[in-house]
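Undergrad: Position chain Z relative to chain X; hints supplied.
The chain contents come next:
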Amino acid sequence: MTASAFVSLRDPTRARALADRLTHLTNRFGRAPVSVMHVCGSHEQAIARYGLRATFPKGLDVIMGPGCPVCVTDLPEVDEAVVLARSGVRVATYGDMLRVPGTAASLGDASADGARIDVVYSVAQAVDLARASSEPLVFFASGFETTAVATAAAILDDPPPNFSVLSAHKYIPPVMEIVAEMPGTRIEGFLAAGHAATITGWAVFEPFVARHHIPVVVAGFEPLDILAGLARLLELILEGRPEVSNMFPRCVTREGNARAQEKLWRVFRPAGGNWRGIAHVPNGNLRLRDEFAHLDARRRFTIDLTSLWTDSPSPLVGQCICGNIMAGLTLPDRCPLFGKACVPDSPVGACMVSSEGTCRIWHQYGGHPDLGGSR
Amino acid sequence: MCLGVPGKVVSVDGALAVVDFWGVRKTIRLDVVDEPVSPGDYVLNHVGYAIRRIPAGDIEATLALYEELLKADDAQDPMAVDVKGEMLA
Numbered sequence: 001m002t003a004s005a006f007v008s009l010r011d012p013t014r015a016r017a018l019a020d021r022l023t024h025l026t027n028r029f030g031r032a033p034v035s036v037m038h039v040c041g042s043h044e045q046a047i048a049r050y051g052l053r054a055t056f057p058k059g060l061d062v063i064m065g066p067g068c069p070v071c072v073t074d075l076p077e078v079d080e081a082v083v084l085a086r087s088g089v090r091v092a093t094y095g096d097m098l099r100v101p102g103t104a105a106s107l108g109d110a111s112a113d114g115a116r117i118d119v120v121y122s123v124a125q126a127v128d129l130a131r132a133s134s135e136p137l138v139f140f141a142s143g144f145e146t147t148a149v150a151t152a153a154a155i156l157d158d159p160p161p162n163f164s165v166l167s168a169h170k171y172i173p174p175v176m177e178i179v180a181e182m183p184g185t186r187i188e189g190f191l192a193a194g195h196a197a198t199i200t201g202w203a204v205f206e207p208f209v210a211r212h213h214i215p216v217v218v219a220g221f222e223p224l225d226i227l228a229g230l231a232r233l234l235e236l237i238l239e240g241r242p243e244v245s246n247m248f249p250r251c252v253t254r255e256g257n258a259r260a261q262e263k264l265w266r267v268f269r270p271a272g273g274n275w276r277g278i279a280h281v282p283n284g285n286l287r288l289r290d291e292f293a294h295l296d297a298r299r300r301f302t303i304d305l306t307s308l309w310t311d312s313p314s315p316l317v318g319q320c321i322c323g324n325i326m327a328g329l330t331l332p333d334r335c336p337l338f339g340k341a342c343v344p345d346s347p348v349g350a351c352m353v354s355s356e357g358t359c360r361i362w363h364q365y366g367g368h369p370d371l372g373g374s375r
Numbered sequence: 376m377c378l379g380v381p382g383k384v385v386s387v388d389g390a391l392a393v394v395d396f397w398g399v400r401k402t403i404r405l406d407v408v409d410e411p412v413s414p415g416d417y418v419l420n421h422v423g424y425a426i427r428r429i430p431a432g433d434i435e436a437t438l439a440l441y442e443e444l445l446k447a448d449d450a451q452d453p454m455a456v457d458v459k460g461e462m463l464a
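Line by line, the protein sequences are chains X and Z. If you count by our numbering, then the first sequence holds residues 1 to 375, one letter each, in order. If you count by our numbering, then the second sequence holds residues 376 to 464, one letter each, in order.
Calculated from the structure, these hints are not laboratory results. Positions of the beta carbon are idealized from the N, C-alpha and C atoms, including for glycine. Keep in mind that a hint or two might mislead.
[Stated by the list, open to error] Among chain Z residues calculated to face chain X with C-beta under 10 Å, some are:
(1) Gly-379
(2) Arg-404
(3) Val-408
(4) Leu-419
(5) Gly-423
(6) Pro-430
(7) Gln-451
(8) Ala-455
(9) Gly-460
[Claimed, not checked] Here are some, though not all, of the chain X residues that point toward chain Z, as calculated from beta-carbon distances under 10 Å:
(10) Gly-41
(11) Gly-51
(12) Ala-54
(13) Thr-55
(14) Ser-122
(15) Gly-194
(16) Ala-203
(17) Pro-207
(18) Trp-265
(19) His-294
(20) Leu-295
(21) Ile-361
(22) Tyr-365
[Stated by the list, open to error] Ranges of calculated distance between the beta carbons of each label pair, as one might list FRET restraints:
(23) Z:Asp-395 / X:Trp-309: 49 to 57 Å
(24) X:His-24 / Z:Arg-400: 28 to 36 Å
(25) Z:Gly-398 / X:Ser-312: 43 to 51 Å
(26) X:Val-317 / Z:Asp-395: 42 to 50 Å
(27) X:Glu-135 / Z:Ala-390: 20 to 28 Å
(28) Z:Leu-391 / X:Arg-289: 25 to 33 Å
(29) Z:Pro-411 / X:Asn-162: 28 to 36 Å
(30) Z:Glu-410 / X:Ser-87: 54 to 62 Å
(31) X:Asp-345 / Z:Asp-395: 32 to 40 Å
(32) X:Asp-158 / Z:Glu-410: 22 to 30 Å
(33) Z:Pro-430 / X:Val-317: 44 to 52 Å
(34) X:Pro-313 / Z:Gly-432: 48 to 56 Å
If we strip away everything but chain X, and leave its shape as in the complex, we get (with noise of 0.2 Å):
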């Protein structure tokens, strides 16, 4: 990297000039607080990372919804890997899925007991573990669009057949309608992930915003770039003209990556489902079209969630508020179980398994980042 290319996204005087900016925003609203919401657990690692909540002003408020796959996986989509697995099925998934509760089990547990599970970093390596045996193998699928096209490639591309695909997969758009339409929601604007609208394309959030006259931008990951998404937002909020504004051009086009769109689409329906703690989400999740039933675990296998029903989950994961964490309503802190019975190393809510889970976050960089800031 050059130095001309560093001064122009760390500029602390930039970033200065946009927090002030950001102050002067909040302030013209007369009220507060103007709360905003992002969806990407990426977007929440930056801002804790890089200290960003100490410069917002103390009347704006940025929440994080529900931008991490991990955590919004149903306990039952969690449920039926774990069943497969523990009737004898190789299952590969990502690393993080690993530990992240089910009812009563985790892979995690399901592996400690003598299952066979491979923790892959990609589908493509998935499909190559199938193909060096016969025996039958299961991917666990998880992740939002950006991922799921990459699901989507390795189907079309003539996959063994012992492997078939148990898809948790998410689709990002449908979900912000329910946190709009959420009784008691305070959100006027949301933060979209540069990553997923490359896929997508921003003309995606077109029809949210006409439905719910609330503005989007698409914003990267630099801390520039999430401070000058946040002002742009602002200033869409305070004119009143709920629109889509691209603050990531350098990613991100109008109509986004056609080719993965077309994969995406020719493999995978919407379909409605839970988002764990979160609501049942009309066309949220993605699910396998009748095409590539033979490639579906679900259809592949019997899969019998009442074995695990002999199994009690912890009498902790009651008290767990990820639920609400992640629909804005209340923050990791004020959780009486955060730090204390739910720590990275036993996780009690699938918040606090993934690298990009709000609490997994807050734990992280401290539990309480807003120095001086909104709360």
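TA: Leaving out everything else, chain Z in the frame of chain X:
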């Protein structure tokens, strides 16, 4: 898993490319990349798949964030760990 990682294409063989991520060479797939890719181009890698060819004028600005994250040697830094994980994909 939202964050892709940029790398420089070293060679292309059909739907596969060898890509250099700060000295770490990995083979990634080109099934879903938006534009044709040639050696010398930069691409954004997500879970082993190139999801975008980075326009020439945007390469430096795209690399900046990662330069700093890769310098972090804190094994508990979730953002740095995610980026390193993507490099292994």
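Undergrad: Does each hint hold? Answer for all of them.
TA: How the hints compare with the structure:
1. Nearest Cβ of chain X to the Cβ of Gly-379 of chain Z: about 5 Å, under the 10 Å cut. The hint holds.
2. Checking Arg-404 of chain Z against chain X: minimum C-beta separation of about 6 Å stays under 10 Å; hint holds.
3. Hint on Val-408 of chain Z holds. Least Cβ distance to chain X is approximately 7 Å, under the 10 Å limit.
4. Taking 10 Å as the C-beta cut-off, the interface hint given for Leu-419 of chain Z holds, the closest approach to chain X being about 7 Å.
5. Using the Cβ-Cβ criterion of 10 Å, the hint placing Gly-423 of chain Z at the interface with chain X is satisfied: the shortest such distance is roughly 3 Å.
6. For Pro-430 of chain Z, the interface hint holds, since its Cβ comes within 10 Å of a Cβ in chain X; the closest pair sits about 7 Å apart.
7. Taken as an interface hint, Gln-451 of chain Z checks out: its beta carbon lies about 6 Å from the nearest beta carbon of chain X, inside 10 Å.
8. Using the Cβ-Cβ criterion of 10 Å, the hint placing Ala-455 of chain Z at the interface with chain X is satisfied: the shortest such distance is roughly 8 Å.
9. Satisfaction of the interface hint for Gly-460 of chain Z is found here, the shortest Cβ-Cβ separation to chain X being roughly 6 Å, below the 10 Å cut-off.
10. Against a cut-off of 10 Å between C-beta atoms, the interface hint on Gly-41 of chain X holds, since the closest Cβ of chain Z lies about 6 Å away.
11. Interface restraint check: Gly-51 of chain X against chain Z, minimum CB-CB distance 13 Å, threshold 10 Å, status violated.
12. Because the smallest distance between the Cβ of Ala-54 of chain X and any Cβ of chain Z comes to about 17 Å, over 10 Å, the interface hint for this residue is violated.
13. Contact between Thr-55 of chain X and chain Z, as hinted, is not supported at the beta carbon level, the nearest pair being about 18 Å apart and thus beyond 10 Å.
14. Hint status for Ser-122 of chain X relative to chain Z: holds, with the closest Cβ pair at about 3 Å, below 10 Å.
15. With a cut of 10 Å, the hint placing Gly-194 of chain X at the interface with chain Z holds, because the nearest CB-to-CB distance is about 8 Å.
16. Taking 10 Å as the C-beta cut-off, the interface hint given for Ala-203 of chain X is violated, the closest approach to chain Z being about 15 Å.
17. Taking 10 Å as the C-beta cut-off, the interface hint given for Pro-207 of chain X is violated, the closest approach to chain Z being about 22 Å.
18. Interface hint at Trp-265 of chain X: violated, since its Cβ lies 12 Å from the closest Cβ of chain Z, which is beyond the 10 Å cut-off.
19. Hint status for His-294 of chain X: violated, given a least beta-carbon distance of 20 Å to chain Z, over 10 Å.
20. Annotation: Leu-295 of chain X was flagged as interfacial toward chain Z, and the flag is violated, the nearest CB pair being 16 Å apart, outside 10 Å.
21. Hint status for Ile-361 of chain X: holds, given a least beta-carbon distance of 6 Å to chain Z, under 10 Å.
22. For Tyr-365 of chain X, the suggested interface contact is upheld, since its CB lies about 8 Å from the closest CB of chain Z, less than 10 Å.
23. For Asp-395 of chain Z and Trp-309 of chain X, the Cβ-Cβ distance of about 51 Å falls inside the hinted range of 49 to 57 Å, so the restraint holds.
24. The beta-carbon spacing between His-24 of chain X and Arg-400 of chain Z, approximately 48 Å, falls outside the hinted interval of 28 to 36 Å.
25. One distance hint, 43 to 51 Å for the beta-carbon pair Gly-398 of chain Z and Ser-312 of chain X, holds here, with the actual separation near 50 Å.
26. Our hint of 42 to 50 Å for Val-317 of chain X and Asp-395 of chain Z holds, since their Cβ atoms are close to 45 Å apart.
27. Take Glu-135 of chain X and Ala-390 of chain Z: their Cβ atoms lie about 26 Å apart, and the range 20 to 28 Å holds.
28. Here the CB-CB span from Leu-391 of chain Z to Arg-289 of chain X is close to 26 Å, well matched to the stated 25 to 33 Å.
29. In this structure the hint that Pro-411 of chain Z and Asn-162 of chain X lie 28 to 36 Å apart at CB holds, the actual value being about 33 Å.
30. At about 44 Å, the CB distance of Glu-410 of chain Z to Ser-87 of chain X disagrees with the hint of 54 to 62 Å.
31. Distance hint check: the CB atoms of Asp-345 of chain X and Asp-395 of chain Z are about 35 Å apart, consistent with the given range 32 to 40 Å.
32. Between Asp-158 of chain X and Glu-410 of chain Z the C-beta distance comes to about 24 Å, which sits within the given range of 22 to 30 Å.
33. At roughly 47 Å, the beta carbons of Pro-430 of chain Z and Val-317 of chain X sit within the given window of 44 to 52 Å.
34. Remark: the range hint 48 to 56 Å for Pro-313 of chain X to Gly-432 of chain Z is upheld by a beta-carbon distance near 53 Å.
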